[in-house]
Amino acid sequence: MSDKLILDCRGLPCPQPVIATKKALERGEHDFVVVVDNTAARENVSKFAVSQGCGVQVETEGMISRIVVTTAAGSAPEFPAAPPATVGAGGNLRYLLTQETLGHGSGELGAVLVKSFLVALKEKTPLPTTLMLINGGVKLACTGSAVLEHLLELSRQGVEILACGTCLDYYGLKEELKVGSVTNMYTLVDLMTEGKLVTL
Amino acid sequence: MLVGPETSDDAGVFLLNETTALIQTVDFFTPIVDDPYLFGQIAAANSLSDVYAMGGQPLTAMNLVAFPIGCLPDTVLADILRGGADKIREAGAVLVGGHTVEDSEPKYGLSVTGLADPRRIWTNAGALPGDQLILTKPLGTGILATAARAGLCREAAAAAAQSMAVLNAAAAQAAKDQPVHACTDITGFGLLGHLHEVAAASGVTLEIDSAALPLLPEAAMAATMGMVPAGAYANRNYLTMIRFAESVPEALRDICFDPQTSGGLLFSLPEPAAVVLLAALQALGITAALIGRVTGPQKEEECEIYVR
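Sequence order for the protein chains is S and C.
Its first residue numbered 588, the first sequence is counted upward by one per residue in the numbering used here.
Its first residue numbered 877, the second sequence is counted upward by one per residue in the numbering used here.
Don't take each hint at face value.
Computed cross-link-like contacts, DSBU-like style, restricted to lysine-lysine with a CA-CA straight-line distance of at most 30 Å [stated by the list, open to error]:
1. S:K610 x S:K702
2. S:K783 x S:K702
3. S:K783 x S:K711
4. S:K709 x S:K765
5. C:K983 x S:K709
6. S:K765 x C:K983
The following residues of chain S were derived to be distant from chain C, with all beta-carbon distances above 10 Å [stated by the list, open to error]:
7. G598
8. P602
9. V622
10. G640
11. L714
12. G752
Here are the simulated distance ranges between beta carbons [as the list claims (entries may be wrong)]:
13. C:Q1174 x S:G649: 32 to 40 Å
14. S:G697 x C:E966: 25 to 33 Å
15. C:A1159 x S:G649: 48 to 56 Å
16. C:C1179 x S:V620: 32 to 40 Å
17. S:G598 x C:G946: 25 to 33 Å
18. C:A954 x S:P600: 43 to 51 Å
19. S:G731 x C:G880: 42 to 50 Å
20. S:G697 x C:Y1114: 41 to 49 Å
21. S:G731 x C:G946: 20 to 28 Å
Because the hints were derived from the structure by calculation, they are not lab data.
We put the CB at the ideal spot given by N, CA and C, even for glycine.
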């Protein structure tokens, strides 16, 4: 019980606890706890999990509720098919960004291109489900990045942004990650092998 | 004073002389859509709606603006004000001034003054047993705004924004010739919150047919997925005088409590006239529906509103 993944959503306004739950399911988590501190978040997270076919168990103590979310038989739900959501619908597209610029050749040009790529991507419907950042790509999501605002915007729109932990360590940027979450190669490999992947 | 703060009505009404009453109202809020021009339109339509809900005609409007000067481009403010000005013009009213304060988050709305015939003021208080209830806009704006913040239901949220920007002028005009007993507009307290105000002010009980409620696209799906704003739960907690039939799905219950921005008008009027008004509204392209009826006078220990 104690080593279950815990999503601490206390203090987060709606719909953020639901988004966190959605992302955990999309990552393939199948037995985790969402901790919330208000009625709206408790009911909304429960509703969402039920709508995705998950088992839900709620323990409430005072204002704090622990919502245990489990998927059937420990298998990940077939997420892209479930809600007719804008994000991820129609292809389940993922992007793997391997450097902090776009394309080979001039670095200066590449920095401009990565910016215009992200601006154009924001306008695309449906949005991709995930941006995966490895090697120099992690710098895009760290302090000082010229495209941070665009990644933050994509994240707010529900696009999951995952930065390779090993890479952040290598560049000494673990404390500097400003958007998205840290992930490992196992998760990345899982994500690379399901759905459509575009490598840049 | 004809209508004051006591009866939770949409606007204050002050008698000027035998044939003219002054209607005054004010409302402003933070952006509910990203597009500043559209936000300006919605905020203005929402403010103007209170005058229509009293049976009046907007005369003058003043801008109320809070804006993070220097943090957001000035064009954002200009677009908000342009959206508002366009709606004021569409309403046939005149912008006479306004006031801006510096604030960390943009806010916009109007103070509106209107005129009405004092003998034909629509308040919350006149609903009579036997009346039919007509709603003139689809429900679900709060739920879809929440879904949009989660990156879901973007097309439906755009449809919601268009609905919020529509003035209640045409709906009010269509009802001018009808014997309207009570009228309100559906805003932050949700459908049931505003129905409660009508029921309490009129001393009647209501029955709502949940299957007849006009809904914005995907609102029910978004509610099922937990995109229910905190305000809806607050409304539910406050409204204890409501009973649901067991068969009413949870998503529809949530929609009944969902806070609306610039929602439709709710008319209470006798049956034959209600049918005529409904046809007139629908002929104007308004998404209106008969959603229930006034069942009787309020008695002790009886639920005020029954939703089946």
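Violated hints - listed by number, lowest first: Of the numbered hints, 8, 11, 14, 18, 19 and 20 do not hold.
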